[in-house]
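Student: These are the residues of each chain, in order.
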Amino acid sequence: MTPVRVVIGLCLVAPFVAMLWVGSYATTDPTFIGIPFFYWYQMVWVLISTALTMIAYRLWQRDQRARASRENGTAAKGGAAR
Amino acid sequence: MKDGVNGIALGVFIFFFVLVTVMGFLAARWRKAENEHSLDEWGLGGRSFGTWITWFLLGGDLYTAYTFVAVPAAIYATGAAGFFAVPYTILVYPLIFTFLPRLWSVSHRHGYVTTSDFVRGRFGSKGLSLAVALTGILATMPYIALQLVGIQAVLDVMGVGGGENTNWFVKDLPLLIAFGVLAAYTYSSGLRAPALIAFVKDALIYIVIAVAIIYIPIKLGGFDDIFAKAGEKFTKTGAGSVTPPEGARWTYATLALGSALALFMYPHSITATLSSRSREVIRRNTTILPLYSLMLGLLALLGFMAIAGGITVSNGQLAIPQLFENMFPDWFTGVAFAAIGIGALVPAAIMSIAAANLFTRNIYKDFIKPDATAEQETRVSKLVSLLVKVGALVFVLTMDKTVAINFQLLGGIWILQTFPALVGGLFTRWFHRWALLAGWAVGMVYGTVAAYGVASPTQKHFGGSAAEIPGIGETGYIGMTAFVLNVLVTVILTVVLRAFKAPDGVDETRPEDYTKDAGDPDVQVELPPATAGSAH
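Here the protein sequences line up with chains D and Z, keeping their order. Residue 1 is where the first sequence starts when you use our numbering, and the numbers rise one by one after that. Residue 1001 is where the second sequence starts when you use our numbering, and the numbers rise one by one after that.
Next comes chain Z alone, as it looks inside the complex (with noise of 0.2 Å):
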């Protein structure tokens, strides 16, 4: 690390920085309704988002930049296991291709704006609804978190994060000034802030990889020299390897399928989706969102760049923004940061808008004040994106890093949990209430019991995502097993309750209505206010 602050390239981050939050304030004026003080304009842009700005909206909702710090560092550390990112963004299309559009179509018809709303809707269940609703916030807390810790790698690396001795607010007080930047533009504008800044996010992003993937190889003389070094590097140490050894294929597969399952449970992911304009856009969407995956693999393989690039540092988040500093001229570094750190503004906007959604309308109106009006929701949703991004900054100020890395771990094995309701849902009404209240229970139980129960060479507890999947020796993903297991109990205990012929919910939904598309008479493209679902 260069000693004292990069002038060039702090100078460069704070103009991208200021270009987007004019931006973000403008972006309340963007494609603006007549009706703005509903949940649907300010928590889903109106749901009138179309092909590209969908594209570029999930683009920058699902590639965070905590993925563009962690993905390549998980290489850099680990090698071949760190890829798998690869191959799970390439299963999650065929899949979203599948359910995504029968989501968009039940939403729309009756209104809802999160998936806790589909799940109360479809199976008259306020217990599993609330359920779902809690586990998406919990699960997006820590991820919120860790953008936040990817702003703090850039700023570390650039030099303003200062030293050990500096006083702790002059070192977290530009954290505090992005944040609190961030907070004010969600506020004010809504899911239209981000939307508007992924166009930028994503123009510098491309950029700087398309350099970084070119340049970078030329300077160290090629990728058989790059992966040779690599090599060297994993032999000499002994963790990690180029390609994955006999007994880490089941780990590989299962993480890579796990994740790819788990991606759209997310309610920011969901949120992104439910503001676009009509089921078709999310069908092409699926055509050309892999970009971004082709994008992510070309990043990964930055990791073992910075291992030829004799990168050593102690935090392995900081590999790739050192390795940009070492590499490029100081304005250019200037412009790669500024991609991590935009790169991170998106996705916290999106998860605090999504956690936001959830508490307002599965919390708060269906268990403390069921009669509350669009304008209400909507004042309570925009105070809780506050709430929860202030949450997300005490917890990465007041708390140690691998804290936040071992919930968002967690989070990842919860939200799986939530598949067999919401997807099994969305083709199905077979699944008892109850059966999938169980079931979850039990996803939930035995999943955070086994990753707390995983033991690395640095942490007792949470050293990882993997552990041995019962009754056939492997090693899997937890979550994966957890979610075998949810699904199994649901099952059985769904045909012991149907025996038993115990009470089934009401079901508001009718089969037509998962395929239905903007355009039908009975699709209204521009919902009345958000209570359009009120007559529950």
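Chain D extracted, bound-state conformation (with noise of 0.2 Å):
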């Protein structure tokens, strides 16, 4: 466990924290351009939860690259989880 996969973890968990709890955001103010907050606040998410992934999709290629590098300066070690 690297800490750039803990960080990946974070990228997707965070999504499921923010949207399973419901009573966080079950209110109607304030509102945006008349929409309740509970609507306009789950939009929003779609688009923090999308940069949180494109995120760990960078991430994780990078993370990728560093192994395979390593894996080729010292002999492959037998492939890990992903």
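Honestly, the hints are just simulated from the structure, not real lab data. Don't take every hint at face value.
Partner residues are not named here, just some residues of chain Z that face chain D (Cβ under 10 Å, in silico) [to be verified]:
| # | residue |
| --- | --- |
| 1 | Pro1087 |
| 2 | Gly1222 |
| 3 | Arg1284 |
| 4 | Leu1289 |
So these bits of chain D aren't anywhere near chain Z, every CB distance computed over 12 Å [stated by the list, open to error]:
| # | residue |
| --- | --- |
| 5 | Thr2 |
| 6 | Val4 |
| 7 | Val6 |
| 8 | Gly34 |
| 9 | Ala56 |
| 10 | Ser69 |
| 11 | Arg70 |
Note that the Cβ used here is the ideal one computed from N, Cα and C, for glycine as well.
Two independent chains are provided; combine them into the complex using the hints.
Tutor: This is the structure we're talking about:
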């Protein structure tokens, strides 16, 4: 478990915490152009979770490249997760 | 509803319908490979689709006409509770980011076409694989039927559905034509047809949503008025609310989570995924697919607009088509209806292909004719895809629409019960095959019985998908409760079976199979005919 993988994990878990905690956003105010908070907040989370997935994807790519170069350097040690 | 037929809207609708029909037949020649008689070619489009085609295909596949009609319809009827579709689609992407690339890799390595192929290969159990295949087919059939309900809703509002007194044949003729055409081009072009048509579908949908979300609120006096009117209606009728009340939060969260876990267990989602060129395509897609979620959120708000626009329909499914007809000029109503209609054809085609692949690979080849050649497999698959569609058509024409909706609700609960075998299997081989089978059976039985017991004001059974969760006294999604039971049974039985040293199945996969990507030495991009996995 490298620090990078921990960050990837957090990026992927965050949307679950935010969305399943319904009590944190089940209110009408503040409204945005007349749309209650409950609705626009969840729409904003579409964007946030997209950004988080994108970060996870970039970090994962970097992690893979780093691992590949390490393995070429030392002899292959058999596949790990992913 | 206006009297008679809306001529201009119908004309525009027919124009787009003819356009996609032509595209559907031409699709057979698109990116054609040499070996066209393999199931990989017909059923997975040669496994050659890149990022954008996969995006359109998955979008066309997951966000169906039924979604477009049903999500706003749910908001129209109950308010906030219907919005769970948005967190649901948000949660789907981190999930698929984690497990689908592994499924892609192992499927490419061993030539798996369906999830049951993988389960059989991983656990060496034909019984478990059969359970997964049957669940998939059972869950897909009512889903196809619902696509037809979507087309019917549009045809009804355009006035071509006929009145109560017309002869049933005249009444259903437009639907029969639409279906015949769909069946014909799926048969000849396979997965390439919906992939190509998905471009038209998505373009139309995006245009319609963009226009609707700006044009309709202006006509109705802004979102403030819309939500105020919706609030009034909910207080007056006592059903539904603008924000979820305290007691409905568990239901909201478990529905979102359960549906997210279930979505990629559906055979049609997996078919679209396996048709992609590389595992990178899948990961990249999880970062662009949420665009559809945004669209879905906007679309859901149309439900409130239907309330504010004073739409009163006895059948909630007609609320959105009716809103479009009342608000838009006739020609644009035609465009909107074409979007919904084509939005039904794309997933119906993919679903029938996926169900046919399951039947061919995991029932026909495993149990009826183990020595089937690649050509025979493809022929059987094509025929079954026709049968599946005819079955769905008969279902819709002979039974009440609520039956299709009930079965769709059950289908969601059922398909979720295949999660431990599939996703569990992708990460670990610890689960015992018999334990997985027992867990599946418990989940299926509990889910069915619990759903049967839910009453609503209009229905005695199958009145909804939420029931009290035993032990914690909250109301939650039945599928999720069944899933937890399923996992508990699987884990306990695995411990017991391992203690008694029950024989394990043969695992034909190796750990490194799960991380391969296209370009690695032993992963062929163009697989040999579907019998690549014929070693079993």
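Student: With reference to the structure, classify each hint as holding or not holding.
Tutor: Verification of the supplied hints:
no.: 1; hint: Pro1087; verdict: holds (4 Å)
no.: 2; hint: Gly1222; verdict: holds (6 Å)
no.: 3; hint: Arg1284; verdict: holds (7 Å)
no.: 4; hint: Leu1289; verdict: holds (9 Å)
no.: 5; hint: Thr2; verdict: holds (16 Å)
no.: 6; hint: Val4; verdict: holds (15 Å)
no.: 7; hint: Val6; verdict: holds (15 Å)
no.: 8; hint: Gly34; verdict: violated (3 Å)
no.: 9; hint: Ala56; verdict: violated (7 Å)
no.: 10; hint: Ser69; verdict: holds (16 Å)
no.: 11; hint: Arg70; verdict: holds (15 Å)
Of the numbered hints given earlier, the model fails hints 8 and 9; all others are met.
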